[in-house]
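Peer 1: Chain by chain, the residues:
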Amino acid sequence: MTPKRKQRLLIVMFIVVGVSVAVGLTLFALNQNINLFYSPTQIAAGEAPQDTRIRAGGMVVDGSVKRDPDSLFVQFDITDYDKTVTVEYTGILPDLFREGQGIVAQGSINEKGVLNAVEVLAKHDENYMPPEVAEALAKAGKMPQPEGQEFNK
Amino acid sequence: MIDMVVPELGEFSLILALCLSVLLAIVPLVGASRGNVLWMNFARPLSKGMFLFTLFSFICLSWSFLYNDFSVAYVASNSNSALPWYYRMSAVWGGHEGSLLLWALILAAWTLAVAVKSRNLPQDIISRVLAVMGWISVGFYLFILFTSSPFERHLPAFPQEGADLNPLLQDFGLIVHPPMLYMGYVGFAVSFAFAIAALLSGRLDAAWARWSRPWTSVAWAFLTLGIALGSWWAYYELGWGGWWFWDPVENASLMPWLVGTALIHSLAVTEKRGVFKSWTVLLAIFAFSLSLLGTFLVRSGVLTSVHAFASDPERGLFILVMLAIVIGGSLLLYALRAGQMRSESSFGLLSRESLLLVNNVLLVVSCAMVLLGTIYPLIVDALGMGKLSVGPPYFNALFVPLGAILVVFMGIGVISRWKQMQLSMLVQQLWLPGVVALVLGVGSTWLFAAELKPWVTLGLVLAWWVVLSGLRDLYNRLRHRREKLAGLLKQTRSYYGMVLAHLGVAVLVVGVALVSIYSEQRDLRMQPGDSISFRDYTFIYDGNRHVEGPNYTSDQGQIRVLLNGEPYTEMHPEKRLYTARGNVMTEAAIDPGFTRDLYVALGEPLENGAWAVRVQYKPYVRWLWLGGLLMTFGGLLAASDPRYRKRRAMAAA
Chain A
55 MTPKRKQRLL IVMFIVVGVS VAVGLTLFAL NQNINLFYSP TQIAAGEAPQ
105 DTRIRAGGMV VDGSVKRDPD SLFVQFDITD YDKTVTVEYT GILPDLFREG
155 QGIVAQGSIN EKGVLNAVEV LAKHDENYMP PEVAEALAKA GKMPQPEGQE
205 FNK
Chain B
7 MIDMVVPELG EFSLILALCL SVLLAIVPLV GASRGNVLWM NFARPLSKGM
57 FLFTLFSFIC LSWSFLYNDF SVAYVASNSN SALPWYYRMS AVWGGHEGSL
107 LLWALILAAW TLAVAVKSRN LPQDIISRVL AVMGWISVGF YLFILFTSSP
157 FERHLPAFPQ EGADLNPLLQ DFGLIVHPPM LYMGYVGFAV SFAFAIAALL
207 SGRLDAAWAR WSRPWTSVAW AFLTLGIALG SWWAYYELGW GGWWFWDPVE
257 NASLMPWLVG TALIHSLAVT EKRGVFKSWT VLLAIFAFSL SLLGTFLVRS
307 GVLTSVHAFA SDPERGLFIL VMLAIVIGGS LLLYALRAGQ MRSESSFGLL
357 SRESLLLVNN VLLVVSCAMV LLGTIYPLIV DALGMGKLSV GPPYFNALFV
407 PLGAILVVFM GIGVISRWKQ MQLSMLVQQL WLPGVVALVL GVGSTWLFAA
457 ELKPWVTLGL VLAWWVVLSG LRDLYNRLRH RREKLAGLLK QTRSYYGMVL
507 AHLGVAVLVV GVALVSIYSE QRDLRMQPGD SISFRDYTFI YDGNRHVEGP
557 NYTSDQGQIR VLLNGEPYTE MHPEKRLYTA RGNVMTEAAI DPGFTRDLYV
607 ALGEPLENGA WAVRVQYKPY VRWLWLGGLL MTFGGLLAAS DPRYRKRRAM
657 AAA
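One line per chain: the protein sequences are A and B, in this order. The first sequence begins at 55 in this note's numbering and counts up one residue at a time. The second sequence begins at 7 in this note's numbering and counts up one residue at a time.
Next up, chain B with everything else stripped away, as it sits in the complex (with noise of 0.2 Å):
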C-alpha cells in the first residue's frame, strides 16, 4: 500500500528538506554574528538532513519513473512504458520540473561535501558558508514545490500509458551531460557563499582564498565536462555534426565557464600575494549570478533555442526575481564591505600579477560581449523594436581575436615571476619558445594541408607556443636540480594541474582551428548504388534496412566506406520514428578516429527509393573534447593538491 503514496512522500520530504533550509539560513547565521557557538553547531546537521531529504525525495521521483506510475503527470509527459529502465532513470531529469529536482539535490550535496569536508575552518565562517548556502536553497525549494513540482498528479483519470520521453534525449550524452552541468552551475554557490560569507564577517584574506579555491576550481572543471558533454552530444545526436552553435543556452553555460576561468586565476593572486581582494569577490559574485542568468535564460523559454522548454512565464519571473535578489544583495553588501579591503602587498607594472590582471580583463570582456550578444535581442523585443536574433558571425568576429590574444599572453604568464620582473628578462626567457612556436606552427600547417590559411596558421602556431613556453617554464623549474626526475616528481599537484589544463587549451585550439577550416560537407541525393568520393574516402550507398528497436522503428541506411579504393568499414545512419509521440530523428553514424571522423547522416526519403544523405569529414574534432577532457582533469588535480589539506591541518593545531 504504501507504494500509492510515493509521490506524496516525496513531495512531503522536498517539504521538510524547505523547512530545514529554511532553519539552515536563519540560525547559523545569527549564532555567527552573536557569537553563540551552539546556534553555529547547527550548521552542520542540518545541511546533512537537508541533503537526505533532498535525495528521498529524488529518490521518490526515481521511483515513480521506475514503476511507470503515469497518474504522475511529470512522469505521464516524460516517460513511456517501452522505455528501457536506464532511460526511464535518467528521464527523471529530461523536462523542466525533474531537472529542477536534480539541481536541488545537486545544491544539497555540495552543501553536505562543504559540511562534512571542511572541519578544519573556523566554526564562524563555515557557519556562514552553509546558511548562504542555505539561502539559495530557499530559493529553489519554494521554486520548485511552488511553481513546478514534478510530484502532481493526473487524478483520478490518469493515463495508462505515458507521453514519452523527447526522443533526443534517449541518449548516453542526456544522462550524464546535465548533471556534469548542474555539478559546475551550482558548484559556483559554493565560491559564491565563502565570498558572500568573508564578507559578512570581514575577513579577507589569504586563508580564504585558500579555502575558496579548491571548490572553486572543482565547480570549474565539472562545468567544463558539463559544456565538452554537450558539445559532444549535439555533435552526434542532432545530426548536422556541428559542435557548437552559438545557441542561447550555450551561452549560458559560457558565460559562468569565462568568469569562473577568471575567477580561479584571480583567487590564485588573492591567495599568493593578497592582492586582488574585491575583485576576487566580485567575480565569485558574478559568476554564480551568471549560473542564475543562465537557468533563468533555459527555464523561462524567452529565447529561441534547441533546449527551449514550453513553459509558463510565472517561472521565469519567480527566477528573474530570485536573480535580482541574488545579485541586488550581494552587490549592496559588496559595496557595503568592499572599502573595507586592503591589498596586503604591491606589484610592479611587468609582473606575474599585472599578466594575470589581463588574463582576467580579457575572460571578463569576453563574458561581456557573449551576454551583449545574448540578451540583445532580449533588450530590444522588449523595447519593441522588433524581433531579431544575433548570429554566429558577431560571436566568432569578437570572440576568436580575443581569444588568441588571450592564449599569447597565457604563454606570458606562465613563465613571468610575482611582484616584478624586467622586460629583458621576459624576452631573454621567451624569444626561443617564441621563434620555434612559429616555425613548428607553420611548418605543421603546411604539413597538415600543404597551403597556409591564416586562422589555421595563427591556431596552430598558439597551440604551439602555449606547449613550448610551458616547456621553458618546465625548464625553468629544473634547471637547478641536480637530479631532474626527482625534481619532476617534486612539483605540486597545482602546477601539473595547470600544466594539464594549459595543455588542454593548446588541444582545444588544434581541433578549433582545424575542424572550421578543414570540415568538409556534401548534401546529396542518393539511390541505391550511388557513391560519393572525397578525401580518400569512397562512401557506397546501398539502400536502406528496416530495424525494429524497443520503442522506435527505424530505416537503417547501409553505406559502404572505402579508403584508397580498398574496403574499410560499413557505416549504418539511421532515421528513427519513435512511434509514442510520432517523434522522427536522425541517428548519424560516425566513424570516430584520432585526426579525423566520418559522418553520415540520413536526411529525408526522396522518390524512386532515394534518400538525402549527408556526408562530413571533421578533421581533428575529438580535440575539441579531448582539450576539454584536460581542462577538467587539471581542474581537478590542482583541487586535490595535499597543501589545501595540510595547511588547514596546521591552522587547526
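Same shape as in the complex, but just chain A (with noise of 0.2 Å):
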C-alpha cells in the first residue's frame, strides 16, 4: 500500500468512525425522547409501561369531566368505545377540549392504572381526529361515521 493510499484509508476510516459515533449517539437521543401511542383498550391489557412518557387518545366519555372547586385539577375518562382509562390533569385545557371530543394526552400510567397527563391536546378543527386516535377507534371498530360537510350550522 502505497503512503498516499495509506493516508486516504486512513482519512475513510476516520469518517466512518466519526459518522457511526454520530449515528449512535443520535439514535440514542431519539430512543430516549419517544413517546409511544397506546389506546385504552392496550391501557387497560396492561400493554403500557408504568412511569414512562407515553402518549395516550380517545374520545372523552360524555359526563365523565370531573373539576376540583379549589384549583386546576381536572378528571376524565378516554375511551376507544371498548375500554376507557382515567386522566388526571392540573393546568389550562385546550379551547377544543370537551366531552365527546378525541384528544390525546401525554404523561405517564401510575399503579392504580391512570394516566398522569402533563399535556392534554386537541386540534383546532372539529372534523379533525388526530390520527392515532382515528386508528385506534378503527381498530375497536368504533369509529364514528362522519357526518359529511354541513354548513348552515
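I should point out that these hints are in silico values taken from the structure, not numbers from a laboratory. None of the hints are false.
Sample of chain B residues lacking proximity to chain A, with all beta carbon distances greater than 10 Å (derived):
hint, residue
1, Asp9
2, Tyr92
3, Gly179
4, Val414
5, Ser450
6, Arg499
7, Tyr502
8, Val567
Below, simulated DMTMM-like cross-link-like pairs (lysine to aspartate or glutamate); rule was C-alpha separation at most 25 Å, straight line:
hint, chain 1, residue 1, chain 2, residue 2
9, A, Lys58, B, Glu350
10, A, Lys120, B, Glu610
11, A, Lys137, B, Asp387
12, A, Lys120, A, Glu165
13, A, Lys120, B, Asp529
Where a beta carbon is used, it is the ideal one built from N, C-alpha and C, also for glycine.
Grab the two chains, each in its own frame, and use the hints to assemble them into the complex.
Peer 2: Okay, structure coming up:
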C-alpha cells in the first residue's frame, strides 16, 4: 500500500468512525425521547409501561369530566368505545377540549392505571381527529361515521 | 351575467396557465439544446403569459370570496358573509386548495421575476432556467387541477351561508405568514432551476454562482421572515405563549432554511474561489426538495400537527410522486454531470474555505437530525412497529450543542482569509474578542439574574462573541484607511448584509437563551378580586365583561396590572365564541416590551364566576423575532448589492 493510499484509508476510516458515533448518539437521543402511543384498550390490557412518558388518545367520555372546585385539577375518562382510561391533569385544557371530542394526552401511567397527563392536546379543527385516535377507534371497530360536510350550522 | 361564471373563468384560466407551462417546459429546452434562438426566445413571453393567467385565476377566486359566492365549495367551507372583508381576502389561502393556488401564483411570480430581471444572462442559460421553472409549474398546476381545485361548485343546492374561516386564522398573522413562507419555499425553486440549468449546460463556473446568489439570498430572506412570522403568530394566537414547538410542520420549514443557509454560504465560496461546485449544486437540489417534502408533510396529513388539515391520501400520493421525480431526476442528472465539474483553485486546511465547509457540515448535520426526528415516527409506523412521537427534548439535546458550535465557528469564519492562513494569526486576532466576550457574557448574565446558569451564560457569551469578532473584522477592514468614516461607506452592501444577518443570529441567541430559561408561568384559578404577584408585577382580576364582535361573542377578562404597587396598565384577554362554527378561541392579552412581555390568557370558566387564568412573564421574547427581522434585512441587503447588476452589464458588453 502506497503512503498516499494509506493516508486516504485513514481519512476514510476516520469519517466512518465519526459518522457511526454521530449516528449512534443521535439514535440514543432519539430512543430516550420517543413517546409511544397506546390506545385505552392497550392500557387496560396492561401493555403500557408504568412511569414512562407515553401518549394516549381517545374520545372524552360524556359526563366524565370532574373539576376540583379550588384548583385547576381535572379528571376525565377517554375511551375507544371498548375500554376506558381515566386521565388526571392539572392546568388549562385546550379550547377544543370537550366531551365527545378526540384528544391526545401525554403523561405516564401510575400504579392504579390512571394516566397522569402533563399535556393535553385537542386540535383546532372540529372535523379533525388525531390519526392515532382514528386508528385506535378503527381497530376497536368504533369509528364514528363522519356526518359529511355541514353548512348553516 | 358574467359574474355568474367567475369561478369557471378562474378554472379555465388555470388550465391555460397549465398549457403555457407545458410549452415553457419543452420549447425553450429543446431550443437550448439545438441552439435554436427562435425557440429559446419563447421562454420569456411564455413566463409572462403563465403569470398573467395564474394571476387572473387567483383574482377570480378572490372575487368569489369577496362577493360571498357560496356555490363554490371552497368558499363555502372557508368563509362567511359576517367575516370582515380583509379576512375574506386572506381566507383565499386559508385552506388547502387556495393556499396551493397562492403557491402556484408565487411560483409564476418568481418565474416572471427571473424572466424580467435577467436581461443580461446568456440566452441558453435563461431558457433552461425558465424551462425548469416550467416543469415545476406543470407539476403544481396538475396537482391543483386534478386533486384540489378551489373552483369546484356545490350545485344546484348550495348553502346560503359559509362555514366560516377557522377562527385561529382570522388574524393579521395569517394574512402575512403563508405568503412570506411560500415566497421562501418557492424561491428555492429558482436556485434549483439555476442548478439544473447549469448541470444541463455543463457550465458550472463562478458566473453561474454569481447569477444564482442574489435569488437564493432573497428566497432565504423571505423564508426567514416567514418562519419568524409563524413563530410570532403561534406565540400570540395559540394562547400558551410558546414560540417554537418542534412541531413537524415547523421542522418542515426549518429544514429548507438550514440547507438554504448552507447554500448561501457555499455559493459565496463557489463564486469567489471556484470550489465546492458539486456540493453547492447538491445543496440547491436539497433545499428545494426539502421545500417539497415540507409541502408533502403539511398537505398529506401524515403527521399530527397544529397545521394538520383534514386531507385525503390521494393528494399525499401525488406530492410523494412529484417529490420522487424531482429528487430522483435531479440526482440522476447530478450523477451524470458531477464528474465534469472541476475545482478552479485549491485551499489550505486553515482557510475561509474550510471554515465555511465546517459551517456547511454543521448546518447539514443539524438538518439531517431534524429530518430524522421528523420522519422517524412515519418510518416506524410504516414498518408497523407502533405509533410514537419524538419529543422536544430530542431536538433540544442535539440542536442546541450543534448550534453553539456553529456560532463559535461563525466568529472565526468572519475573521478568516481565503486560500490559506496561519493559526498564529487567527489566534492573534481573536484572543482579545474571545476574552472580552467571555467577560461581557458572564457579566451580563450576572447583571440579568444575579446567578450563572450554564445555558444562559453560554448563550450570552456566544452572542458577545459574534458581535466582537464582527467588530474585529470591521477594524481589520478600516485599519489602513485614513478616513475611517469614508471607509465605512466604502464597504459593500454584501458585507453589511452579512453583518446584519450575523447580528440577527446574536440577537436571536440572546432571546432564545433568556426566554427559555427565565420565562415564568402561573396557571391558576382566579375569582373576581383575586390577585397574583410575581417579578415586580401584580395582576388583579376584576371579572369578565361581555363583548360583541362582528362574527363572534366574547368574554373579556378585566385584569389590572400594578408595577411595584403603582397602576401600570390594564389587560383584556378574551375567550371568544365564533358563532358560525361554534368554535371557542383564546385571545391572549400581551403587554409587549423590548426586554419583557407580559402575557395573560383565559383558560376555561370554572364554578362561582371563577376562571382558569394563565399569567406569563417572558423576558426578551421579542428578540427572537427581532433577530429574524435582522437576518431578513441582511439577506435582502446582500442581494441588492449593485455588484450583481454591474458584472452582468459588463458580461453583456
